[in-house]
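Knowing the structure of chain A, use the given hints to seat chain B on it.
Going down the list, the sequences are from chains A and B.
First residue of the first sequence? That's 1 in my numbering, and the numbers climb one at a time after it.
First residue of the second sequence? That's 1 in my numbering, and the numbers climb one at a time after it.
Derived from the structure by calculation, the hints contain no laboratory data.
Treat the hints with care, as some may be off.
[Claimed, not checked] Straight line, CA to CA, 30 Å or less: simulated DSSO-like cross-link-like pairs of lysine-lysine:
| # | chain 1 | residue 1 | chain 2 | residue 2 |
| --- | --- | --- | --- | --- |
| 1 | A | 76 | B | 56 |
| 2 | B | 169 | A | 76 |
| 3 | B | 169 | B | 56 |
It should be emphasised that the depicted structure is a prediction, and the values quoted were computed from it without experimental measurement.
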Amino acid sequence: MNPRGRTGPAQVRRPRFGRALLVVAAAGLAVLVPADSPAVASGQGPTTKGVLSGAATVSPCGSFGSVVVSYALTSKNVTGIVISSIPTACNGASLYLTLTNGTTNAQAGPLTVASGSVTASSLSATVTAASVTGLYIGVLG
Amino acid sequence: MVVAATVAAVFAAGVAWATNLTVTSQKLGAATVTRPVFFPDSVVIANAATAGRPDKPDTITVTFNRQILLSTICAGTPQTTESAAGFLFTLTNGGASNDILSIGGGTSCLALHFGSFTLGSPNYNAGAAITYPSSTIAMTLGASTTTVVLTFGTASTPATTVNTATIVKYTPDPAMTDTAANGVGTNTVSTTSAVQF
Numbered sequence: 001m002n003p004r005g006r007t008g009p010a011q012v013r014r015p016r017f018g019r020a021l022l023v024v025a026a027a028g029l030a031v032l033v034p035a036d037s038p039a040v041a042s043g044q045g046p047t048t049k050g051v052l053s054g055a056a057t058v059s060p061c062g063s064f065g066s067v068v069v070s071y072a073l074t075s076k077n078v079t080g081i082v083i084s085s086i087p088t089a090c091n092g093a094s095l096y097l098t099l100t101n102g103t104t105n106a107q108a109g110p111l112t113v114a115s116g117s118v119t120a121s122s123l124s125a126t127v128t129a130a131s132v133t134g135l136y137i138g139v140l141g
Numbered sequence: 001m002v003v004a005a006t007v008a009a010v011f012a013a014g015v016a017w018a019t020n021l022t023v024t025s026q027k028l029g030a031a032t033v034t035r036p037v038f039f040p041d042s043v044v045i046a047n048a049a050t051a052g053r054p055d056k057p058d059t060i061t062v063t064f065n066r067q068i069l070l071s072t073i074c075a076g077t078p079q080t081t082e083s084a085a086g087f088l089f090t091l092t093n094g095g096a097s098n099d100i101l102s103i104g105g106g107t108s109c110l111a112l113h114f115g116s117f118t119l120g121s122p123n124y125n126a127g128a129a130i131t132y133p134s135s136t137i138a139m140t141l142g143a144s145t146t147t148v149v150l151t152f153g154t155a156s157t158p159a160t161t162v163n164t165a166t167i168v169k170y171t172p173d174p175a176m177t178d179t180a181a182n183g184v185g186t187n188t189v190s191t192t193s194a195v196q197f
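Chain A on its own, in the form it takes in the complex (with noise of 0.2 Å):
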């Protein structure tokens, strides 16, 4: 008989593998980690939580207010972009840029930055340069 009365097996209370989740605030960005990526170590006791939370800060590499923007353009749809001024503490860094006219998102990236400058030759999509509505960049290192 179990502790409740019962007749049977005792039940056993499983180990809670709860979704762990891994919080790193990094100069105002979030990364979560689900628990059953590889960062999570095995061999969790049967109480575990699994929260785990973390914070340092990544200061960015300048800003983008003065950089220019040209197109390459072929029979008026961009086929490629320069992207130049760019803060030369941003010189080595990834740079992902998206072009987009509300419908359509055309993407190139990631791009070094080299002289505060990247040139993506191509993009992922075809976008007429008079339907553009806005264009993104993210800068990464």
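Okay, now just chain B, sitting in the frame of chain A:
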């Protein structure tokens, strides 16, 4: 995302804590950036004589996405549809690099700021510069666009015929602006690949 987290989890008291956390990102940034406002968005070359050779009266038609402030191409030009003759086109030998066609002024405008074309071959001109005096330029203002048609005059020396597919790239003179004073910048436009001229 280049964030490497080294985690050694210890689950002794029911809560896992990292004993080591390494963030290797050193450069981060994201932004919405200003996109070009004024640019040439198409260029088409039409043969009217010998195919594959720039000669009279072949044409190059460049379309811009906004109205050009015509006085930035040639000082004093009124902001109306214009057609003028007496311009000098020059085909320069690029050596091992692609040849260049520059659009210069002349009797109609001493200092023309239109730009140049990088031809897709070094073989149009292997010698001294070839000039095309008495070339013409017609600029047509649309409601929100500008179409410029360049027509070759007679060549000082016949250029060499290039019968392979090439791509010609137009680079505007950065002095050009639209009527709202947006500079044309370093935006370029290219033809599709074909036998040009």
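Exercise for review: Compare the distance between the alpha carbons of residue 169/B and residue 56/B with 30 Å, and conclude whether the hinted pair is satisfied.
Suggested key: Status holds; Cα separation ~20 Å.
Review point. Between residue 76/A and residue 56/B, does the CA-CA distance stay at or below 30 Å?
Key: Distance ~27 Å between residue 76/A and residue 56/B Cα, so the pair holds.
**Study point:** residue 169/B paired with residue 76/A [C-alpha distance capped at 30 Å]
**Key:** holds (13 Å)
When each numbered hint is compared with the structure, no violation occurs for any of them.
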